[in-house]
Amino acid sequence: GENVEQHPSTLSVQEGDSAVIKCTYSDSASNYFPWYKQELGKGPQLIIDIRSNVGEKKDQRIAVTLNKTAKHFSLHITETQPEDSAVYFCAASRNGGNEKLTFGTGTRLTIIP
Amino acid sequence: DAGVTQSPTHLIKTRGQQVTLRCSPKSGHDTVSWYQQALGQGPQFIFQYYEEEERQRGNFPDRFSGHQFPNYSSELNVNALLLGDSALYLCASSSGTVFYEQYFGPGTRLTVT
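From first to last, the protein sequence lines are chains A and B.
Using the numbering used here, the first residue of the first sequence is number 1, and each one after it goes up by one.
Using the numbering used here, the first residue of the second sequence is number 114, and each one after it goes up by one.
Hints listed in this document are in silico derivations from the structure and should not be mistaken for laboratory results.
Some clues are possibly wrong.
Claimed, not checked - So, partial list: chain B residues that the calculated Cβ filter (under 7 Å) puts toward chain A:
(1) L152
(2) G155
(3) P156
(4) F158
(5) Q169
(6) F173
(7) F212
(8) F217
(9) G218
Claimed, not checked - Non-contacting residues of chain B with respect to chain A, defined by C-beta distances greater than 12 Å in every case (computed):
(10) G129
(11) S146
(12) Q150
(13) P174
(14) L195
(15) G197
Even for Gly, the Cβ is constructed at its ideal location relative to N, Cα and C.
Between the sequences and the hints, there should be enough to build the whole structure, so can you do that?
So, in structure tokens, the structure goes:
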């Protein structure tokens, strides 16, 4: 089955700097890669996703890149703000996400004011 | 437009008891997936329901069962509770024709004593 590895497990950055979180996946049939932000006591919130037919997607301060050959994808957050502090999860799925999501182990991002 | 809702918010049960958790999907969504999230870990897929049928199942024992109703809402039942079943139980809903974004509810925190 699919295996998703996520690094780093913790990340601290100064406010205004950029943060990068990386994930690798094992199943070459996976074609949908969402990123979720989870704040304390809440469910995961979908913040951005990328599909296997594109290499990069941006939404304001957030971007995701995908390298299908190397089977890895990354989340980039620029101009970080205190409200970006949370746990971030990457995930992978077949069939455009119409099957189970396999999650990474999470990255705790702390923005230092 | 209401997002995914789950009830109850918190639940405390004794080992050996049975529990039922409920989920109402986001408006317009017809597919419901259930995940278990242990403390400090990523969500683990339990099963997915579509058209009132279990469409896909993860590596969880038969003690975990579910149901989907004609209005697309869903229930997760766990029998013979074990201490290890203590976790945050998340429901995600989705719909689509090509790609299926999964949106999560706030979860139900189950504690087994």
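The hints, checked one at a time:
1. L152: Violated. Min distance 11 Å.
2. G155: 3 Å, holds
3. P156: With a closest approach of 5 Å, the B:P156 hint holds.
4. F158: 4 Å, holds
5. Q169: 6 Å, holds
6. F173: 11 Å, violated
7. F212: The hint holds - B:F212 has a Cβ within 7 Å of chain A, the shortest such distance being about 4 Å.
8. F217: 4 Å, holds
9. G218: 5 Å, holds
10. G129: Non-interface label stands for B:G129: nearest chain A Cβ at 28 Å, farther than 12 Å.
11. S146: Violated: least Cβ distance 7 Å, not greater than 12 Å.
12. Q150: 8 Å, violated
13. P174: Given a closest Cβ separation of 17 Å, the condition holds.
14. L195: 22 Å, holds
15. G197: 18 Å, holds
Checked against the numbered hints given earlier, this structure breaks hints 1, 6, 11, 12; the rest are met.
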